[in-house]
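Peer 1: Start from the sequences, fold in the hints, and give me the full structure.
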Amino acid sequence: MAMVTLFIVSDDKPASSNETVVLDIPINLPEQDKTKPEPTIAEPTIKELPVPEPKIEEAWQSVEVKSGDNLSTIFRRVGLTPQDVYRISKATKKSKALTKLMPGQRLDFVINQGRIEKILHIINPLQRDLVSLNSDGGYDIERIERELEVRQQFAKGTIQNSLFVDGQKAGLSQKKLMEMAKIFGWDIDFALDIRAGDSFVVLYETT
14 MAMVTLFIVS DDKPASSNET VVLDIPINLP EQDKTKPEPT IAEPTIKELP VPEPKIEEAW
74 QSVEVKSGDN LSTIFRRVGL TPQDVYRISK ATKKSKALTK LMPGQRLDFV INQGRIEKIL
134 HIINPLQRDL VSLNSDGGYD IERIERELEV RQQFAKGTIQ NSLFVDGQKA GLSQKKLMEM
194 AKIFGWDIDF ALDIRAGDSF VVLYETT
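Heads up: the sequence shown is residues 14 to 220, going by this note's numbering.
Some hints could be false.
[As the list claims (entries may be wrong)] List of simulated lysine to any residue pairs, SDA-like, C-alpha gap at most 20 Å: (1) K182 with S212; (2) K189 with L143; (3) K107 with Q96; (4) K106 with L133; (5) K113 with G127; (6) K182 with D200; (7) K131 with I87; (8) K79 with P138; (9) K188 with L216; (10) K195 with F213; (11) K169 with Q187; (12) K188 with E218; (13) K109 with L143; (14) K195 with D179; (15) K182 with W199; (16) K106 with K131; (17) K182 with F213; (18) K113 with I87; (19) K106 with I135; (20) K182 with T219; (21) K131 with A72; (22) K188 with G170.
Everything labelled a hint here was simulated from the structure, so no lab data went into it.
Peer 2: Below, the structure written as structure tokens:
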């Protein structure tokens, strides 16, 4: 609340007797909010990140080639039809993939809802053929070859019993010992020349 003072001068009387009337009039003023406004805090925005789709692992079926097997008998073992044999044989005719199946080799299949998606023919440790379904509904053939990595190793030991026994203790395989005996058989009599206490060092290559 504020007070306003009002001065009123009357002109009806002579100047010497002018009266001044003083009125104090209370006036209600709006109250000022003395409290400081609280700062507004913006709510953090949550950004939704895309959820990556889970990778579907391929289910491989492995079949070992047996004596007398051909493509038809192997396909039948994994539930495929003669029509599948025809389609794959037609696709691999030029490359001659899957034509030389030998006992002990392996064929790996990826079959989805009765359709062949991949066939991996493991020919040997260094060669394999991959047959893959393409976007056109046909099949692509890829020959995969690994380079042979040759490493040098050595074995050493002392003869206590025989070269054959002590060589295996030193890490040499029976095959390596037979190869060594064959190579040096003309120069060393492994039955008579080798005695207890003799030492040996063999340097050989392995893959």
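Peer 1: Each hint needs a verdict: does it hold in this structure or not?
Peer 2: Status of the hints after comparison with the structure:
1. K182 with S212: Between K182 and S212 the Cα gap is close to 13 Å, so the pair holds against 20 Å.
2. K189 with L143: Distance of about 34 Å is beyond 20 Å: violated.
3. K107 with Q96: Roughly 19 Å between the alpha carbons, so the hint for K107 and Q96 holds.
4. K106 with L133: 16 Å, holds
5. K113 with G127: Violated - the C-alpha atoms of G127 and K113 are around 25 Å apart, more than 20 Å.
6. K182 with D200: 24 Å, violated
7. K131 with I87: 15 Å, holds
8. K79 with P138: 18 Å, holds
9. K188 with L216: This hinted pair holds, its Cα atoms lying about 15 Å apart.
10. K195 with F213: 16 Å, holds
11. K169 with Q187: Holds, at roughly 15 Å.
12. K188 with E218: At roughly 13 Å apart (the allowed maximum being 20 Å), E218 and K188 satisfy the hint.
13. K109 with L143: Roughly 12 Å separates the two Cα atoms, so the pair holds.
14. K195 with D179: 18 Å, holds
15. K182 with W199: 25 Å, violated
16. K106 with K131: 17 Å, holds
17. K182 with F213: It holds: about 12 Å lies between the C-alpha atoms, which stays within 20 Å.
18. K113 with I87: 13 Å, holds
19. K106 with I135: 18 Å, holds
20. K182 with T219: Holds. K182 to T219 sits at ~18 Å (cutoff 20 Å).
21. K131 with A72: Between K131 and A72 the Cα gap is close to 10 Å, so the pair holds against 20 Å.
22. K188 with G170: 18 Å, holds
In summary, the numbered hints that this structure violates are 2, 5, 6 and 15.
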